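Trainee: Okay, here's what each chain looks like letter by letter:
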Amino acid sequence: MAPSIPAKRQLPSKESTLFKELLTLYETKQLKKGLKAADQILKKFPEHGETLCMKGLLLTHMGKRGEGIETVKKGIRLDITSHIVWHVFGLIQKAEKNYEEALKSYTQALRCDKDNTNILRDAANLQTQLRLYDALVETRHTLLRLRPALRQNWIGLAVAYHLNGQLSDAKQVLEAYEKTLKNVPDYDVEHSEVLLYHVRVLEDLNEFAEALTLLDSNAKSRIIVDRRAIMETRARLLSKLRETEEAEHAWRALIEMNPDCTAYYSGYLSNKDISLESLTDESRPQALHILRDFSSQIPRASAPRRLALTVASGEEFNDLVKDYLSIRISKGIPSLFADVKALYKDPVKRDIVEKTMEELREQLSSLASEPTSYLWTLYFLAQHYSYLGKQSRALSLLDEAIAHTPTLPELYTCKGRVLKRSGDYLGAARSVEDARLLDGQDRFLNTKSAKYLLRAGLVEEASQVLGLFTKKDAQSPGADLEEMQSLLYLIEDGNAHNRNGNLGMALKRYTAIQKVFNDYEDDQFDFHSYSIRKFTILIYLNMIHWEDRLHSFPAYPEAALAASQIYVRLHDDPDLVASLTAPAALTDAEKKAKNKAKKAAHKQEDPKKAANALSNEDKGLEPEPAKDDDPDGTKLLQATDKLEKAAAWLAPLTRLDKDNIHVWIAVYDVSVRRNKWLQAIRALNHARSLDSEHPELHLRLVDLRKRDPSSACAPAIEPAVTAALQELIPDEVSLETYNSQYLQKHSTSPRAILSCARALHRLEAPMEEVENQLFTLFNADVDLDVKTLLAALTFLKEIKSSRAEMFGTSCDSRFELSTAFKSQAELATLRHDNTTESEANQPEETLG
Amino acid sequence: MSSATTTTTSKVSFASLTPNNLGTVRKLNTVLFPIKYSDKFYRDILAPELEDFCKLIYYNDIPVGIICCRLENQSDGTVKLYIMTMGVLAPYRSLGLGSKGLEAILSAAAANSKPKISHVHLHVQISNTEAKRFYERHGFTEVRVHENYYKKIEPRDAWILEKTIEHA
Chain E
1 MAPSIPAKRQ
11 LPSKESTLFK
21 ELLTLYETKQ
31 LKKGLKAADQ
41 ILKKFPEHGE
51 TLCMKGLLLT
61 HMGKRGEGIE
71 TVKKGIRLDI
81 TSHIVWHVFG
91 LIQKAEKNYE
101 EALKSYTQAL
111 RCDKDNTNIL
121 RDAANLQTQL
131 RLYDALVETR
141 HTLLRLRPAL
151 RQNWIGLAVA
161 YHLNGQLSDA
171 KQVLEAYEKT
181 LKNVPDYDVE
191 HSEVLLYHVR
201 VLEDLNEFAE
211 ALTLLDSNAK
221 SRIIVDRRAI
231 METRARLLSK
241 LRETEEAEHA
251 WRALIEMNPD
261 CTAYYSGYLS
271 NKDISLESLT
281 DESRPQALHI
291 LRDFSSQIPR
301 ASAPRRLALT
311 VASGEEFNDL
321 VKDYLSIRIS
331 KGIPSLFADV
341 KALYKDPVKR
351 DIVEKTMEEL
361 REQLSSLASE
371 PTSYLWTLYF
381 LAQHYSYLGK
391 QSRALSLLDE
401 AIAHTPTLPE
411 LYTCKGRVLK
421 RSGDYLGAAR
431 SVEDARLLDG
441 QDRFLNTKSA
451 KYLLRAGLVE
461 EASQVLGLFT
471 KKDAQSPGAD
481 LEEMQSLLYL
491 IEDGNAHNRN
501 GNLGMALKRY
511 TAIQKVFNDY
521 EDDQFDFHSY
531 SIRKFTILIY
541 LNMIHWEDRL
551 HSFPAYPEAA
561 LAASQIYVRL
571 HDDPDLVASL
581 TAPAALTDAE
591 KKAKNKAKKA
601 AHKQEDPKKA
611 ANALSNEDKG
621 LEPEPAKDDD
631 PDGTKLLQAT
641 DKLEKAAAWL
651 APLTRLDKDN
661 IHVWIAVYDV
671 SVRRNKWLQA
681 IRALNHARSL
691 DSEHPELHLR
701 LVDLRKRDPS
711 SACAPAIEPA
721 VTAALQELIP
731 DEVSLETYNS
741 QYLQKHSTSP
751 RAILSCARAL
761 HRLEAPMEEV
771 ENQLFTLFNA
781 DVDLDVKTLL
791 AALTFLKEIK
801 SSRAEMFGTS
811 CDSRFELSTA
821 FKSQAELATL
831 RHDNTTESEA
841 NQPEETLG
Chain Z
1 MSSATTTTTS
11 KVSFASLTPN
21 NLGTVRKLNT
31 VLFPIKYSDK
41 FYRDILAPEL
51 EDFCKLIYYN
61 DIPVGIICCR
71 LENQSDGTVK
81 LYIMTMGVLA
91 PYRSLGLGSK
101 GLEAILSAAA
111 ANSKPKISHV
121 HLHVQISNTE
131 AKRFYERHGF
141 TEVRVHENYY
151 KKIEPRDAWI
161 LEKTIEHA
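So the protein lines, in turn, are chains E and Z.
Numbering-wise, the UniProt record's numbering puts 491 at position 491 of the first sequence, and it's gapless, one number per residue.
Numbering-wise, the UniProt record's numbering puts 110 at position 110 of the second sequence, and it's gapless, one number per residue.
No lab work stands behind these hints: they were computed from the structure.
Relax, there's no trap hidden among the hints.
Within a straight-line C-alpha distance of at most 30 Å, the following computed BS3-like cross-link-like pairs (lysine-lysine) qualify:
(1) E:K390 with Z:K27
(2) Z:K11 with E:K331
(3) Z:K40 with E:K472
(4) E:K272 with E:K345
(5) E:K104 with E:K64
(6) E:K240 with E:K220
(7) Z:K11 with E:K341
(8) E:K331 with Z:K27
(9) Z:K100 with E:K331
(10) E:K627 with E:K471
(11) Z:K36 with Z:K80
(12) E:K627 with E:K596
(13) E:K36 with E:K73
(14) Z:K11 with E:K322
(15) E:K73 with E:K114
Simulated restraints on C-beta separations:
(16) Z:A47 with E:F444: 24 to 32 Å
(17) Z:A47 with E:K472: 22 to 30 Å
(18) E:T794 with Z:A47: 52 to 60 Å
(19) E:E816 with Z:D61: 32 to 40 Å
(20) E:Q485 with Z:A15: 30 to 38 Å
(21) E:R393 with Z:D61: 22 to 30 Å
(22) Z:E49 with E:R831: 36 to 44 Å
(23) Z:A108 with E:R393: 45 to 53 Å
(24) Z:D39 with E:D226: 54 to 62 Å
(25) Z:D76 with E:R300: 57 to 65 Å
(26) Z:A15 with E:R803: 54 to 62 Å
(27) E:S529 with Z:D39: 55 to 63 Å
(28) Z:A15 with E:L488: 27 to 35 Å
Partial pick of chain Z residues on the chain E-facing surface, computed with a CB cut under 8 Å:
(29) P19
(30) N20
(31) T24
(32) L28
(33) V31
(34) N60
(35) I62
(36) P63
(37) V64
(38) P91
(39) Y92
Since we're looking at a predicted model, the values are computed, not measured.
Ideal placement from N, C-alpha and C gives every residue a C-beta, glycine not left out.
Isolated chain E (complex conformation) (with noise of 0.2 Å):
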């Protein structure tokens, strides 16, 4: 407490009684008695702040958020230099989730309190968050000085310190911390866990000879009980030191008591200075001999032979991928290829797999062999040559392995697969569907057929399909996938809106993925006051490391890509957003309806609200769950901030995914539309460095020398704008004319096409002129693929082009087997010739 304490916060001895047990109803949560006791203070002493936010405190967490924050705030208000009503706040803001005000507050509580270790304590778990680690090492250092009895304080200062990079002073700290322990309990898993944490500090930094030291000793009086880290340790430890004889024996070990860990090979094969990744005309026969030997002393283990495969090469590899695909045909192994094909990265590999497989295609063909293996060949060979692009030869195996097996799931999810590739989205979601059929407890087939029904743009039946296995007291199986964090479901649910030209609820589902990784980021916090006291350090750090990267997990660029994409299509034609928000309209029936709902809706709220007065309840201090406000997703088509949002979306991945070329051509659109020049000018720096050819790049550089940065931007940074855009885009050629040279540079490829049309159309350039380009795609010499045709037709009919419907044949032509160019009266066809056939009511006959 301060020296002097002002006179509005001193209370004479009744009323200060009354405030010490005020703050002990609050600690045991008997919030009705605390609220008397501090209206009981506030009769007296209206204004006395530390009060008034204990009040706020507990009206908060009665419920009444409103008013309980409102009255905290007077608080600050009226005892500006009070600890308590600081922490207060930060209490408030931290179950808020906002993090960097919360700390703000906690950091004026210091101020005014400088050796509370309550405030302490949650200030440090705040500075993790945040990853102000400098800070940290301040806080966790008060803490220790404060009360170095305690165990844990000593541990937080050496992870503080760890965490800031000062690996030596996270030594000594361990160090000093072992000598103060007296009379640990044998097999203390706590104390364990510390000494293999000391240890890797001590392999951090270098030291091997004593880390292993530490650990040897500990191990041996069983002081550490990690067995599978102590073995793990030893190895890498006696490995880093070149004992590689000793190491041999500790990485032999690891293999015996793992023989399927491909890591404990790897490190057999380092400690031998072989590396798997980069084998030398010598080193290659010697790896291979040392599998073979793993592979014979270990006869279940599958790793060294899996291994042997990628080591080995010419006879060798023809002999052992000869027994290794016909042991494996034999057993039934469904995921046989997935395993193989890993392999064709090297073409003479995928030969001879491609040979031995079709042999034993044909030895297993006659009819005295086993009819399982026979069928699992032609499964595997249809997976093989699907994966080469080979689609009708796959489905024309596929076909006969149906009628050999019609009972067996995999080969329907395989044909749905081959006719993904074959761009027939609608035939693929039935042939799932198939599967899905056979085996109706099978999750993994349910949402393997709701993710190729979501790909063929069906979205409702893709709902009821997943609505068998969702929760069936959820508002929508979307809403109990949203609630499961189903990242799988909200991509490819957001991606089908997207598609469907639904961009609102396109934007609700990417919003929703943002959630989910903002969730798994506030998730850690609990964890940083949770393991230091259980001292589980090392799973901490790699957890601090996971979060670290959070943001570069597949998911969450795909739906950042997305969602920027649309905010800047938003932007750039705000009558698409009124199009989209323009309320449907409703029949007369429909508007009746509609208002029953809202009745109703009312009606339930009202006497919920009566029984949320007052009670004793504690319910935290967390604010509610926010409701769905709005379910369309319209609100987000409507915001104002779009580019500010977009822009908020690509910063995480500007750190964590540079060399995704994609990125920074987002980065491009969104900064350019806020005329930011200088970063816009750098995305495209940056994309250039990864790819200077790329079509999408191209089609970038044409639209900023197009919006003529030199004059746009602000005079003080008009000298580096020209001159960066000199170096981009040089002003020599016309835009025309580069836009042509690149074409021509680029004549096969359809991406670079499709990319010139569109720069064309930027250029303003006659729709005929852009349409003739486009119809290009279907010159002898291009590469095509459904993927860019599909790209360009929906580019076609953005532009408004009267030739999209003939292009839309002529690519249907092109690619029979595909049904994404029908339309979309030739898809209700389709989809309506393929519904059940109806049930005939015959008597029964029976067929013995």
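Fit chain Z to the known structure of chain E by using the hints.
Mentor: Frame of chain E; chain Z shown alone:
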């Protein structure tokens, strides 16, 4: 999914019918038999009292065969088991699957006490001599010919084959 019937690793196993594997049952019936079965058929075979008598036959963990029976109360109070469908996919025939399936049903019939099953019987189309021999190998005998049993396929006549069940 599949329940092992022997202690040694057998390639053959059986599974009871559930609403979730009816899709597989339908698929097998479509491929194996020229007759389309009604929705009532598919409801009836899920009855709990028929669990031992309606089975999917698995070979190497893939469903390749089906047996469906029903219980028939006779006028004299006895109960007969009637085999409605029994079949194995073509590539999997002559591997003993049919025999194993039939034997499983017959043992279940012998062991059944509520109700006590006196006979097992079925229809076999007159053109299907192979099937008749199969059942005869398992102790079935021809009782009589049921003329014009089949309404939509030729020939229309069928044998009625029957086996008496000895109770354990």
